[in-house]
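Residue numbers (the working numbering), protein chains in the order written: chain A, -4 to 256; chain B, -4 to 256; chain C, -4 to 256; chain D, -4 to 256.
No lab work stands behind these hints, which were simulated from the structure alone. Heads up, some of the hints might be wrong.
Any copy, or any two copies together, can satisfy a pair, since identical chains are not distinguished.
[What the hints assert, rightly or not] List time: in silico PhoX-like cross-link candidates among lysine-lysine, alpha-carbon distance up to 25 Å:
#: 1; residue 1: Lys125; residue 2: Lys199
#: 2; residue 1: Lys163; residue 2: Lys251
#: 3; residue 1: Lys141; residue 2: Lys243
#: 4; residue 1: Lys125; residue 2: Lys243
#: 5; residue 1: Lys230; residue 2: Lys48
#: 6; residue 1: Lys141; residue 2: Lys252
#: 7; residue 1: Lys252; residue 2: Lys163
#: 8; residue 1: Lys243; residue 2: Lys230
#: 9; residue 1: Lys125; residue 2: Lys48
#: 10; residue 1: Lys251; residue 2: Lys230
#: 11; residue 1: Lys248; residue 2: Lys230
#: 12; residue 1: Lys230; residue 2: Lys203
#: 13; residue 1: Lys203; residue 2: Lys125
#: 14; residue 1: Lys248; residue 2: Lys199
4 protein chains.
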Amino acid sequence: MIYALPVTRSGRSAIVQPPPYLYAVDYIAVYVSIDPEPARELLPPGLELASNKAWLYVSEFLSYPENNDEMAYLDPELTIYREGAVALNVALDGQSYLYFPFMWVDKDWALIRGYINGYPKKLAHISLSKLHPLMPGRGQLAPGLKLGGYVARNGYALFRLQVELMEKADGVPISAFGPTLTFRRYPATGAGEADVWEYVTVVKGESKITDVWKGRGSVEIGWGPNDEVNLIQIKEVIGGYYYRSFFKILSTKLIKKIQSK
Amino acid sequence: MIYALPVTRSGRSAIVQPPPYLYAVDYIAVYVSIDPEPARELLPPGLELASNKAWLYVSEFLSYPENNDEMAYLDPELTIYREGAVALNVALDGQSYLYFPFMWVDKDWALIRGYINGYPKKLAHISLSKLHPLMPGRGQLAPGLKLGGYVARNGYALFRLQVELMEKADGVPISAFGPTLTFRRYPATGAGEADVWEYVTVVKGESKITDVWKGRGSVEIGWGPNDEVNLIQIKEVIGGYYYRSFFKILSTKLIKKIQSK
Amino acid sequence: MIYALPVTRSGRSAIVQPPPYLYAVDYIAVYVSIDPEPARELLPPGLELASNKAWLYVSEFLSYPENNDEMAYLDPELTIYREGAVALNVALDGQSYLYFPFMWVDKDWALIRGYINGYPKKLAHISLSKLHPLMPGRGQLAPGLKLGGYVARNGYALFRLQVELMEKADGVPISAFGPTLTFRRYPATGAGEADVWEYVTVVKGESKITDVWKGRGSVEIGWGPNDEVNLIQIKEVIGGYYYRSFFKILSTKLIKKIQSK
Amino acid sequence: MIYALPVTRSGRSAIVQPPPYLYAVDYIAVYVSIDPEPARELLPPGLELASNKAWLYVSEFLSYPENNDEMAYLDPELTIYREGAVALNVALDGQSYLYFPFMWVDKDWALIRGYINGYPKKLAHISLSKLHPLMPGRGQLAPGLKLGGYVARNGYALFRLQVELMEKADGVPISAFGPTLTFRRYPATGAGEADVWEYVTVVKGESKITDVWKGRGSVEIGWGPNDEVNLIQIKEVIGGYYYRSFFKILSTKLIKKIQSK
């Protein structure tokens, strides 16, 4: 089965293998309220804001297709990536969803894999605090621990965040946003060609979240000429979060096709 | 018009703007004959080899949408990229084409722009000799000038080439391969979703080629666990080339849709 | 002769070869006046400001040891680098000099080569407009042409500049600053070890400058937690410049040793 | 105190702060025997091989000056780096040492910090397997776990290694090599300037090693025109190792000065 280019008989050169995919992730995040007015400029046709809450994070992933971790030792770069993103709480046809107007990663396969699943990925330089079990003061999650990170693309800082942990928590507030809605888009480039516009939700298999801590957060929003992240205007930082997560992505579920143009 | 993600009202955050696109390029290339047997493993359904000739190059591009060079001074990285590729001479339904089984670039927008147009792009580290008008011995194309470059992806060297210029030439041999055939592929990720498989040819507007030199060439083919470039097995290096090119890409022309699976 | 680490019998693995070095460069620069008060915090012991003028640039270099351009085709990355810098006009013992409080490059060998010659180099992401002879409107220097670039380090934008060319010029104003003064610094890390503090001037062989254009300029100064470039506070942008330069660096000339601590 | 360039009054812009430094590290390594003949070409004056054993590793570090972890949340990239290296067992004046003929890192501050301490650092692209506590089969060290990594510089793969864990171990064999001997080298660039050639040993404060596992190993040695790592010719891979380490570097101890040239 030819899932993605490049094509070879073995399928081993494709930039992305077919799902299911496994994800094990560390997140540093801030939960904020935003000015809804500029944020509406981030919504594709049919979407509305369901609340004025938003979520920004930086993260590091270990990820590969289920039953195939071979690249984890042959070429670890094909199994590790960093990601930063902005999530909004939107509504489509009366249903509440989590929607990503922006998402940046640092690997080509994560970019294309995401693009096929409807995520608006670009490449950026993403950084986040590292913990190590042997480093005094940075080996364990604990009250007072300061963590931070950022997303920068080319010569422009897009956002930087910091979190100071205060206490363990049971979960993260974005669970209330609803399922993840994405927008598959593959434009026609000539007459008679497919022109894909599809709202889909991401179908997860098992999923868990551990080591959740909350505390104080801060975030600084930047801008780039090709990255209008300044349409996210923070009113208040409600909290800062750290957590680890494991999930499996199986497929997507079609919600709505949009007629071309 | 929403051409590509991310979506914003202004359209200014999209990773790719709609065509037409302008391209001004410097190429260092080798023209080779290859063993047809392993090379057949690189062909998607319906394609055959039309000859045992192939072409490998490294190159640097200045490129942006026509009538919009603003990023050339706001963020030059959104207008400059390097590319390395392998081109084969294939036949589809009796017609001869130039087909790229592999192509690597070093920018996200070049990757997605290419993917939409059916090019099998990945990211890699690409390098090629630089000329400068003030550098003694490297300011002008001249007999005896040695040029080189390579493509490496993660921890694997994919190919390295060298060219020693001998004399001016009128053109490059790949013109004989025919128009560029690409393969638009955007897989369904769930039931009822579009599953795009389309052979298209790239429609160029004006196009010119200047400063063509030929000479001796050499090339060393590598391998990667996700990049089976070793299926290109060189029998003979016929020549080495340097040239500059300008062209405009307007759209693509649908040649054939393939029924899904 | 062991000039730099790593050591091998052949000397071919050293990160830097001995001088003389050749440099062929394209520069985009702005000439500015600055607030002298914060800028004084950038001066090492004994230096004073000689004027309130400063110069910021982004540039791309082709550079290698004289009589040895082999790497230009074996590994072009060992002969190409980009550089961004801030230059001040300082005085030491009554003599006027050009002094770089900050300089960023994008290659390890340019970093160490510079460090040995007393330049305060770090690595950064540097970008600048590219010209190409075949690109309409970006093939020739001409009135109205807009050029730009930036320096960003990790998640922080350090400066961005733009220039709009107006007319040809005879030279660049930094010639009036005097010779380039650098500060060789290699600290002792234990008792009895050498602790180098030396002011030197860079000794150039032949040097020329061509294609000088001036026009309007603009610059935006950023900041980083490890890059206090915000100590450069612009009062006025006097002009913007583009030029090409060739020069040879032969050695340095000792001006003054400083007693350790 | 001005420890390193760039100089500012606050000291906050220096590429490296003074020691002591903290290091918390994950290592993947292979223990090998080598052909002594070519390896001798890697030894600076006065060194001899003390055995035909060598050690190659890839690793990831969390590291910063003691009592100053601020960058861990302001700019995590100033506290995280990857390193790959080759270690030999040498003798100087009858004393056995661990000596690094080659060491590559991926951050400028790690490069200069190392260079000041006598390590022959260059920049390279370094990758190693990542573990994550929530990833099935890659959350825990266990028999059968496969790990790997590599060092590549520009277009050349320098080495790749793989380890398959078999059992816990008490320590790593390089402890028997002796203390770490490095070679501080800062060449004069003009008459009367300091010309530093000093053998020193690295002085560690507390140091510990945990989670040591050993098993099967394999390694593939490459080559680069500026990286003669092919002088390491493997006779046998004795074992593969994974371990974590914490140590503090306080200073260096002068062993021997070499008369210039």
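Structure-based check of all given hints:
1. Lys125 / Lys199: between (27 Å within a copy, 23 Å between copies)
2. Lys163 / Lys251: Classified as neither: same-chain Cα gap 39 Å, cross-chain 54 Å, threshold 25 Å.
3. Lys141 / Lys243: Answer is between: at 22 Å across copies they meet the 25 Å cutoff, but 29 Å inside does not.
4. Lys125 / Lys243: both (24 Å within a copy, 18 Å between copies)
5. Lys230 / Lys48: Answer is within: at 10 Å inside a copy they meet the 25 Å cutoff, but 41 Å across does not.
6. Lys141 / Lys252: This pair counts as neither: shortest intra-copy Cα distance 44 Å, inter-copy 43 Å.
7. Lys252 / Lys163: neither (42 Å within a copy, 54 Å between copies)
8. Lys243 / Lys230: Answer is neither; intra-copy 34 Å and inter-copy 43 Å both fail.
9. Lys125 / Lys48: Neither, since 27 Å and 33 Å both go past 25 Å.
10. Lys251 / Lys230: Cα proximity of Lys251 and Lys230: none, with 32 Å in one copy and 52 Å across.
11. Lys248 / Lys230: Neither, since 34 Å and 49 Å both go past 25 Å.
12. Lys230 / Lys203: neither (30 Å within a copy, 47 Å between copies)
13. Lys203 / Lys125: both (21 Å within a copy, 19 Å between copies)
14. Lys248 / Lys199: Classified as within; 10 Å inside a copy, 37 Å across copies.
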